[in-house]
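Asks: Below, each chain spelled out in residue letters.
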Amino acid sequence: QQQVRQSPQSLTVWEGETAILNCSYEDSTFNYFPWYQQFPGEGPALLISIRSVSDKKEDGRFTIFFNKREKKLSLHITDSQPGDSATYFCAASEATEGADRLTFGKGTQLIIQP
Amino acid sequence: NSKVIQTPRYLVKGQGQKAKMRCIPEKGHPVVFWYQQNKNNEFKFLINFQNQEVLQQIDMTEKRFSAECPSNSPCSLEIQSSEAGDSALYLCASSLPGSGNTLYFGEGSRLIVV
Chain C
1 QQQVRQSPQS
11 LTVWEGETAI
21 LNCSYEDSTF
31 NYFPWYQQFP
41 GEGPALLISI
51 RSVSDKKEDG
61 RFTIFFNKRE
71 KKLSLHITDS
81 QPGDSATYFC
91 AASEATEGAD
101 RLTFGKGTQL
111 IIQP
Chain S
1 NSKVIQTPRY
11 LVKGQGQKAK
21 MRCIPEKGHP
31 VVFWYQQNKN
41 NEFKFLINFQ
51 NQEVLQQIDM
61 TEKRFSAECP
71 SNSPCSLEIQ
81 SSEAGDSALY
91 LCASSLPGSG
101 NTLYFGEGSR
111 LIVV
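Heads up: the sequence lines are chains C and S, in that order. With the working numbering, you'll find the first sequence wraps up at 114, consecutive numbering, no jumps. With the working numbering, you'll find the second sequence wraps up at 114, consecutive numbering, no jumps.
Hints are computed from structural coordinates only; laboratory data are not their basis. Some hints could be false.
Said to hold, decoys possible - Capping the alpha-carbon separation at 27 Å, the derived lysine-lysine pairs in DSSO-like fashion look like this:
| no. | chain 1 | residue 1 | chain 2 | residue 2 |
| --- | --- | --- | --- | --- |
| 1 | C | K72 | S | K44 |
| 2 | C | K106 | S | K63 |
| 3 | S | K44 | S | K27 |
| 4 | C | K106 | S | K44 |
| 5 | C | K57 | C | K106 |
| 6 | C | K72 | S | K39 |
As the list claims (entries may be wrong) - Simulated restraints, written as ranges between beta carbons of each label pair:
| no. | chain 1 | residue 1 | chain 2 | residue 2 | range |
| --- | --- | --- | --- | --- | --- |
| 7 | S | K44 | C | G41 | 25 to 35 Å |
| 8 | C | F39 | S | K44 | 19 to 29 Å |
| 9 | S | R64 | C | R61 | 14 to 24 Å |
| 10 | S | G14 | C | G41 | 36 to 46 Å |
| 11 | S | K20 | C | P8 | 16 to 26 Å |
Here a beta-carbon is modelled for each residue, glycine too, at the ideal position from N, C-alpha and C.
Required output: the full structure, derived from the provided sequences and hints.
Replies: In structure tokens:
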């Protein structure tokens, strides 16, 4: 049972375009949604995150749009650069005061063509 | 620029051999997670600790995997008898409890079981 789904599996956009990566989840108790960026041979690095009380979070060229009713979110990368080529993982958890584990999607491999 | 240090980066083991990986969490982070990332990019939660105490672990971990986080020593994950299906990237992450589950990952230890 896949709790967090990502689409597309792979995405290619031209340099300078906006890349849109999609994520959906099933568990309505999830309230924290980080996106991780992973380059080949490296561990995942936190890119940007959002809590369910917000519907948008922006950090430079990266923006998360969140729709709680539909249990969907998306990561928009504007002015895409070749250095953004990586695999992006959407994750989710029910964040409490404890040490709750994240549930990850299977990732979107993003390729930016120069 | 990971502040979570994992060693070794790579290890090759024969089936039935022990495989041991170590992790030094980010300074001041009492919570440590171990995840397994397979070749299909699927993340599987294995175990987490707060200080030296196990918080959660999955069944697989209870049977062939062992892990500990002793005080003043690196955390470790050991596979008692490696199987081909254990070939994967083993990721250690650390966090502060109540921080909304912001996990900081290391570069990972890639295990190849031949």
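Asks: Check whether the Cα positions of K57(C) and K106(C) lie no farther apart than 27 Å.
Replies: holds (22 Å)
Asks: Would you mind confirming whether the straight-line C-alpha gap from K106(C) to K44(S) stays at or under 27 Å?
Replies: holds (11 Å)
Asks: The hint says 36 to 46 Å between G14(S) and G41(C); measuring C-beta to C-beta, is that right?
Replies: violated (24 Å)
Asks: Hinted pair, alpha-carbon criterion (27 Å max): K44(S), K27(S). Please report holds or violated.
Replies: holds (25 Å)
Asks: Indicate whether the distance between the beta carbons of R64(S) and R61(C) respects the range 14 to 24 Å.
Replies: The hinted range 14 to 24 Å is violated for R64(S) and R61(C), with Cβ atoms some 44 Å apart.
Asks: Are the Cα positions of K72(C) and K44(S) separated by 27 Å at most?
Replies: holds (22 Å)
Asks: Lying within 16 to 26 Å: is that true of the beta-carbon distance K20(S) to P8(C)?
Replies: Cβ of K20(S) to Cβ of P8(C): about 38 Å, so the range 16 to 26 Å is violated.
Asks: Quick one: are K44(S) and G41(C) within 25 to 35 Å, going by C-beta?
Replies: Roughly 20 Å apart at Cβ, these two residues miss the hinted range, so it is violated.
Asks: Falls inside 19 to 29 Å, the C-beta gap from F39(C) to K44(S)?
Replies: Check passed, 21 Å falls within 19 to 29 Å.
Asks: Could you grab the alpha-carbon distance between K72(C) and K39(S) and see if it respects the 27 Å cut-off?
Replies: holds (26 Å)
Asks: Is the straight-line distance between the alpha-carbon of K106(C) and that of K63(S) 27 Å or less?
Replies: Between K106(C) and K63(S) the Cα gap is close to 26 Å, so the pair holds against 27 Å.
Violation of the numbered hints given earlier is confined to hints 7, 9, 10, 11; the remaining hints are satisfied by the structure.
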